[in-house]
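Chains G and X are the protein sequences, given in the same order. Note that the first sequence covers residues 40 to 384 in this note's numbering. Note that the second sequence covers residues 40 to 384 in this note's numbering.
Some clues are possibly wrong.
[As the list claims (entries may be wrong)] No farther apart than 27 Å at their CA atoms in a straight line, the calculated lysine-lysine pairs in the DSS-like style are these:
| no. | chain 1 | residue 1 | chain 2 | residue 2 |
| --- | --- | --- | --- | --- |
| 1 | X | Lys297 | G | Lys231 |
| 2 | G | Lys68 | X | Lys297 |
| 3 | G | Lys231 | X | Lys231 |
| 4 | G | Lys297 | X | Lys68 |
| 5 | G | Lys231 | X | Lys203 |
| 6 | X | Lys49 | X | Lys314 |
Just so you know, the hints here were simulated from the structure itself, not pulled from any lab data.
Residues per chain are reported as follows:
Number of protein chains: 2
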Amino acid sequence: MAIAKNPDYKRIATEEAWAPTHIIERFQKLVGTIGDPGFDSLWGFYSTSPSQRAQQVFARLQDLGERRLADMDACGIDVAVLSLTSPGVQCFDAATATSLARVANDELAEACRQRPDRFAAVASFGPLEPANAAKEIERAVSQLGMKGAIFNSHTHGQYLSDPKFWDIFAVCEQLQVPLYLHPQTPPPAMIKPFLEAGLDGAVFGFGVETGLHMLRILTSGVFDRFPKLQMCIGHMGEALPYWMYRLDYMHGVTVRSKRYECLQPLQRRISDYLKENVYVTSSGYGWEPAIRFAQQELGVDRVLYAMDYPYEYEADEVRALDSMNIPLADKKKFFQTNAERIFRL
Amino acid sequence: MAIAKNPDYKRIATEEAWAPTHIIERFQKLVGTIGDPGFDSLWGFYSTSPSQRAQQVFARLQDLGERRLADMDACGIDVAVLSLTSPGVQCFDAATATSLARVANDELAEACRQRPDRFAAVASFGPLEPANAAKEIERAVSQLGMKGAIFNSHTHGQYLSDPKFWDIFAVCEQLQVPLYLHPQTPPPAMIKPFLEAGLDGAVFGFGVETGLHMLRILTSGVFDRFPKLQMCIGHMGEALPYWMYRLDYMHGVTVRSKRYECLQPLQRRISDYLKENVYVTSSGYGWEPAIRFAQQELGVDRVLYAMDYPYEYEADEVRALDSMNIPLADKKKFFQTNAERIFRL
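Only chain G is shown next, with the shape it has when bound in the complex (with noise of 0.2 Å):
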């Protein structure tokens, strides 16, 4: 049974995945040849596999026209927020990337301008050419009307806690619109006991990936350097928000015993930074429980919906949110205002 419109609040899903064709056809054509066995792992899978389930969400990606929108009428989902799906444009060389960017944000844009009321979208950047992905995301936000910016974990093994990556939390900051830290499979340099279980991808190894990233992102003193940035991770925080406790005791002491030179003291804690700088989206987690935890230790208003279509598509799970055990206020915070505010819908 469709779910209808609720008439208490708006419905906005915040990490639904998108891919042009001519993307995918680059993604296709590069399994196999970038020694990247977790790209091979998750392209080789979702474009040969003859599943229903690698056909559906092949098939569900390309789309931003009736079968999306029909899509998402069925779940009761007034609007997508909307990026381009993993790993995006870093599994290709850094000018690729660069300019593929651009293609995509152009499109994706396109869409949103057909369709205003249900689509909204953060834009790609080339994580390898820095001042290029600034200066990208500086003009899908000013000129095309993009929300923000998105990105899948490493790029080529490269972590953005790296300097040399901070102009894109800069511009970032400056213009006042959240990064959004997406998953994707771990490198070469840390798959192998993953892949060799099947547990590289969104079943775990994404998970361990981006909370990894961000949490070499919170070490690095990304949020020291620029206070006001703030970040989206989605998966409900991809577990830190449980591990916060642990994370403020083991890095306080490894600090305080210079075990690192890369660990240097930080002006607030690990925590506080998540509590601050951090929004945690819902994607892939039709559970209460671990939203009514994230809610309670980070706020209600650091807590938004995402289905993670069409990864995930599931009119079941959109029903036990409705039905969760709290406040009306809440629910209408995490389903649409929470959205509203940090993506400036």
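Here the structure of chain G is known, so what remains is to put chain X in place on it, guided by the hints.
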């Protein structure tokens, strides 16, 4: 201010580390020689750092007498379930590991015989010789009175999900004793992105490595083969309770899509095994929210206290957990009776 014995319950700490001087000296000699950057990071630090933290941990680890008992008294710990500290014998070659485990178990059992009112212990074993490991677990439990067995995640990059190791699970199921999966640093094939950011240890790398190992065991079908086996994991379940929904969903769709030969259908969901075959201890977590979350999602009979001495030794944490806003009956389960039942104290 010292913490008194509690009149309502004993405090039994269930993941408490020890290392005899002769094994620590072997660790020190091994640093830099076995091609394991995680081992070098961990034991390079604890055996050479002039920091107060390293010095205190180093000294406390080696004490099974007055100092440890005084520390337990100062924090109100009635009983400690002891184990050889990470990575235990697993950093040595297979034959050395087997013989050293026997020595360490004899020493630890002797300490327990001296103070049966204060100490209990779980047995070490060398996983790379599974038949010998099973024999040593049987000897330690049947002849030495040890309460279970413990291993420190990967052994030279190998995981107990491989059926060649399953004699170890078989003997624990047969003896009806718990098998504790304790952290160690990620293996060489995984550690680089953690280590280069100083996040390979207890702050994050430990938890990821241990959560991955538990998931590999779960998804390999160990609990379908040994349905009465009970395992323990520390650090509030290494975040797996928080991940449960996503683990169930993504494992399910991945298995159905036949994406990996190594991921075959299981008899139950991941979360079912966590609720029926896994105990979670609070080592390193003096934090009520995560404890209550795990109690709520796994059941109050599944969550038990640990301090993680000497790596974490904080009277304030005991006070915080004494003050948890939960029924006294549940608090007694947490601090005392779950441990008594599981470890048959």
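Restraint check for Lys231(G) with Lys231(X), where alpha carbons must lie at most 27 Å apart: 12 Å, holds
Within a Cα-Cα threshold of 27 Å, do Lys297(X) and Lys231(G) meet the stated pairing? At roughly 20 Å apart (the allowed maximum being 27 Å), Lys231(G) and Lys297(X) satisfy the hint.
Does Lys68(X) lie within 27 Å of Lys297(G) when you go C-alpha to C-alpha? The hint holds at about 23 Å.
27 Å limit on alpha-carbon distance, applied to hinted pair Lys49(X) and Lys314(X): 25 Å, holds
Is the Cα-Cα distance between Lys68(G) and Lys297(X) 27 Å or less? Measuring from Cα to Cα gives roughly 23 Å; hence the hint holds.
With a cut-off of 27 Å on the C-alpha distance, tell me whether Lys231(G) and Lys203(X) pass. 19 Å, holds
Every hint from the earlier list agrees with this structure, and none is contradicted.
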